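Two independent chains are provided; combine them into the complex using the hints.
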Amino acid sequence: MSILLNKNTNILVQGITGSEGLFHAEQMIEYSSKVVCGVTPGKGGQKATSKQLPVFNSIHDAKKEFQIDATVIFVPPRFAAKAIMEAIQENIELIVCISEGIPIRDMISVKEALNASNSRLIGPNCPGVITPEEAKVGIMPGFVFKKGNVGIVSKSGTLTYEAADQVVKSGFGISTAIGIGGDPIVGTSTLDAIKLFMKDEETKGIVMIGEIGGNYEAEAAKWILKNGNKKPVVGFIAGQTAPPGKRMGHAGAIIGGKDDTASAKMKIMENCGLHVVQSPAKIGNKLKEVL
Amino acid sequence: MKIHEYQAKEILKKFNVPIQEGYAIDSSKDIDNTIKKVQADFHTESVIVKAQIHAGGRGKGGGVKYCPTFEDAQNAANTILGMNLITHQTGPEGKMVNKILITEALDIEKEYYFAITFDRSKNSDVFIVSSEGGVDIEEVAENNPEKIIKAWIDDSTNSLDNAVKEIITSLSLEKFQNVEQMFKNLYKCYLESDCSLLEVNPLVSTTDQEIIALDAKVDIDSNALFRHPEIATYHDKSEEDPLELKATEYGLNYIKLDGNVGCMVNGAGLAMATMDIVKYCGGEPANFLDVGGAANVETIKNGFKIILSDKNVKSILINIFGGIVRCDRVANGVIEAVKELELDVVVVVRLQGTNAKLAKKILDESDIKLISAETIDEAAKKAVEMIK
Chain D
364 MSILLNKNTN ILVQGITGSE GLFHAEQMIE YSSKVVCGVT PGKGGQKATS KQLPVFNSIH
424 DAKKEFQIDA TVIFVPPRFA AKAIMEAIQE NIELIVCISE GIPIRDMISV KEALNASNSR
484 LIGPNCPGVI TPEEAKVGIM PGFVFKKGNV GIVSKSGTLT YEAADQVVKS GFGISTAIGI
544 GGDPIVGTST LDAIKLFMKD EETKGIVMIG EIGGNYEAEA AKWILKNGNK KPVVGFIAGQ
604 TAPPGKRMGH AGAIIGGKDD TASAKMKIME NCGLHVVQSP AKIGNKLKEV L
Chain S
522 MKIHEYQAKE ILKKFNVPIQ EGYAIDSSKD IDNTIKKVQA DFHTESVIVK AQIHAGGRGK
582 GGGVKYCPTF EDAQNAANTI LGMNLITHQT GPEGKMVNKI LITEALDIEK EYYFAITFDR
642 SKNSDVFIVS SEGGVDIEEV AENNPEKIIK AWIDDSTNSL DNAVKEIITS LSLEKFQNVE
702 QMFKNLYKCY LESDCSLLEV NPLVSTTDQE IIALDAKVDI DSNALFRHPE IATYHDKSEE
762 DPLELKATEY GLNYIKLDGN VGCMVNGAGL AMATMDIVKY CGGEPANFLD VGGAANVETI
822 KNGFKIILSD KNVKSILINI FGGIVRCDRV ANGVIEAVKE LELDVVVVVR LQGTNAKLAK
882 KILDESDIKL ISAETIDEAA KKAVEMIK
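As you go down the protein sequences, you meet chains D and S in turn.
Number 654 marks the last residue of the first sequence (our numbering); no jumps.
Number 909 marks the last residue of the second sequence (our numbering); no jumps.
The following block holds chain S by itself, in its conformation from the complex (with noise of 0.2 Å):
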């Protein structure tokens, strides 16, 4: 689970990480109150406004605004909450900025770049750094890939120490005080909240000489969230593509792609492969949709729900491998399901499994527009075919 930079600051707050202060709004009457209560609680006339959204590049798309005086505040907020902000990472459309967050600002020495995840290739936690922060770090892996320096923390022992020592001595950071426990909180911050990434960037020097985390993107392991009631209230629904939060309301697993073939499949990786042999057989997958193992009439009509709200869908191919789900079943269910939802749009259907052999016939013999298929092959075949 995504959240945002504020709400991850509160998280790292609680494990005695110094960060940059400020209060996040989601009302513009409630601007002015705040840059004043920023201004006056942390002792800055120089304010930054800061865009909350689940997406990086919000400097470059606007969203990050440096203020110096209660004026150019105001602007600034005013202008930001509300906008439709575009970065790299927002895709095209953009995303419309429902929070900010007003900061104090800091008199900066230096940036750098800080990270823990899980290292899947070594199966450890590592601590990932660079002295080059507040910038795209992916541009300087491509860049200055020797700028990047990784630290693991298997399970032996003083390995934390280890690891700590060593990104401080890469950074040159020995000079700062506490600065290794520091380090040490944000691991423990990224342990005891069941982070699946915990990034800071820019971590910056101060000219006061103190180490302070300017930002912060933190995901947390969506399963781990029973264990944290408070994160999971995090949760912004508003962040969500508004299909595949319907989708997971259904139970079911959906990702819009920019196809046209609509894509209807039981298991996670079978509903992959089928995509792909969309593409193979020359046409565009509109989307990733599991609906689970046990495909039912109830999850194939809200299937077909959810892949007819994308307008760009001219055809549905549904690919079911029946193993102890029966597919004569899975056949009425979609008749059903087609009858009752008035399909306008080509939908060829595969079934494979036990009774396979009925439950083409029971298609096939059905007085709806259904088209029927034994292979994968046939079926995404026909699937491209019909709509070109």
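If we strip away everything but chain D, and leave its shape as in the complex, we get (with noise of 0.2 Å):
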């Protein structure tokens, strides 16, 4: 078991035709995921990557002729609502959004539209889930992720696949690896991924990786906290060293008040009994420790 896909999930590519989408088209099936076909409007009848996978105008056309369990968007951020917005028309189970940039007030609608929907969107503004050794939906270097029974929900990209890293070079492997997005407003919450992975039977302990700004983290320590503590989870939060008031990188990643430093959130997992590190060098050390 693992959450969210697995090697039987049936892909499909939102934007394949461009170059991003095309190469991590590619990539993801060198990693054995069950692509199944793409779709860029005003493109539909085209082939697509190595394998020659059909181009539709739209998800409506694509549905037609394939199952579609999940798609992965890959288009500018000025259409990505858009895309988003055609995915859940569309009733595809799990969204994978990977473009950065998109408007809030774009994103609200999205959210909007989602709580309405049977969908899950993962990002905007992520680089996606892999399940190890099964299939990934977005652009993480797979070889760095082995198959094992730690779950992993982080807002950062490369800093997942450092954790990704620790945790594999520390004897332990990944059941799945969420990356959530750094946006304001993502689809799915560090806390909507905690609770997936404390139902998951093959997962057996959780690294949460946060970033100041926002209250996910702290939202999803006390509901850990509420919960029992059913399974050990590791915390890191970075940007202690952040100054206030300035967007490190991520859209999402400003401290406004007292509540979104690193400490303050560092202090909440710790209250609520989750293992936090100081440094992102003690991740999989810590994790020998609890689990």
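Just so you know, the hints here were simulated from the structure itself, not pulled from any lab data.
Every value quoted in this text rests on a predicted model; they were computed, and no experiment measured them.
C-beta atoms are modelled at their ideal positions from N, C-alpha and C, and glycine is treated no differently.
This list has only true hints and no planted wrong ones.
To give a feel for the contact side, a few chain D residues facing chain S, derived at Cβ under 10 Å: (1) Glu463; (2) Gly464; (3) Asn478; (4) Thr521; (5) Glu574; (6) Asn578; (7) Phe599; (8) Lys609; (9) Ala625.
Simulated crosslink set (DSS-like; lysine-lysine; CA at most 27 Å straight-line): (10) S:Lys902 x S:Lys832; (11) S:Lys903 x D:Lys651; (12) S:Lys878 x D:Lys649; (13) D:Lys621 x S:Lys643; (14) D:Lys621 x S:Lys738.
According to the in silico footprint, chain D covers these stretches of chain S (three or more CB under 8 Å from chain D): (15) 744 to 756; (16) 872 to 880; (17) 895 to 909.
This is the structure we're talking about:
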């Protein structure tokens, strides 16, 4: 078992004819993910990737020929919200949006549509989801991730790879890793991911990586405590040295008030019984101690 | 994107929000004419001269002056235009005032605080108001939190109507005409201009029983500027840190800090974590620098140039997690950049990911002075210890 996806998940790529979409479609195929087709409006009828996958004008058209379980979006930010909306309307179960730079106002509308649907959105501005040695829907380097029992949820891309690398080097493996994205509004929160991992039998421990800004980590930590700390959670918050009021790369990574700081979040996490590390180099060691 | 008060007021005016009127100038030769024009156009003898910089606390710093006469206004304008204004938000180095706004003076009865922003924890827009206007709102929040009223605008029906009624009641503004419409216009302005923050501090009631925006601070969602070409022209490059601006031109994300260990990293989260570990190892990071997912020779070279423009930097820590990008290529890029730029600071390189071992071998065998490291821990320790 794993969460969100496995080797049988049928994947569609929105924006498959663009350079990013095409490159990562190939990478996903190379990782043995079941990519079945792509969508680029106006390019229907073409073929894409080394596997000559069919390209459709819309998800609606694609669905006439394929069962679609998941879609991954590589379209320019000004069109990305529309692409997510299309996937929601077509009832795609798992939507992963890689695009960075979507206006907040657009994401507010997306969030409303999501709340009224059965779809789950991961991202935007995220590396995606990977169930090691089965499938990846996203842009992460697959070789870093080995199969195992640790779930990873993170707001960051490369920091997730760093964590995964430490997990593996400490002798563990990963059930599923989710990069939820660094934007102020994302489809799946830290808590949403934690809940999935707590329910998943294969996941025995969790690594939760956050950063300054927002309240996702505090919200997740409080729930974990209330839920009886059923599985050990190792936590880290990036941005202890970030100055207030400055946006640190990610649109959502900004200290707006005293609860947004790394130290405030780490304190809440500690108080809720999470195993917090002060240094990002200690994630693997901590996991060895508690698992 | 931050914009100036006079620009924010231009936007508010388009949405029929009553503002304190005036004209902005950037040249001292326009001072006399502009004062006269403000006096004539808005039927006022006294005027206010206001420094236009992207920072709050201008009044306390001497950047806002009430001028009862023409001569007072002349003096104030000549003093403020070109002055180095220091406020609690500019930092000790202050900010050069390149523009001033000369406005009408109003007879104020009472000052209020008003803002709209997006509340991440509730996933909805929120009105924030207070009867304590014209002062630092953070201080009010600290000392008199009960004086700050919030009203959320969620997606349910009548929610805006209800939220507007709530703030009118809490500020006791019922007696003012059209006040409900004005708050709705402010919200419309916030929505349709893709604001991430719209703050009016103070919003005032005048002795003529009018409600007017005396000041305005608007932040625009930079990702939405493609929808607002006119607002995009409001971008004032002189307000930005020159190094940060230069980095943006290179497509890099750089923020200057006060330490002496320069950091070059791919990915924002890892970049923050790298700064944190420098501190954890007893050093002080000199900057945040995200060179993006695909680190190549060009981005690394540009990264070096930016970091080394900061004369405090004594060592540079390069931490690249190569996923799709292969580490051996990054290693060759680093060597090429170091050679070409003839660096004379300590450079510690940690490359992890595809071909990491090969990359380390390339670095170790190169004839330039580089220190390689395997883990993020080891790299940070070396970068800190080498300059002690």
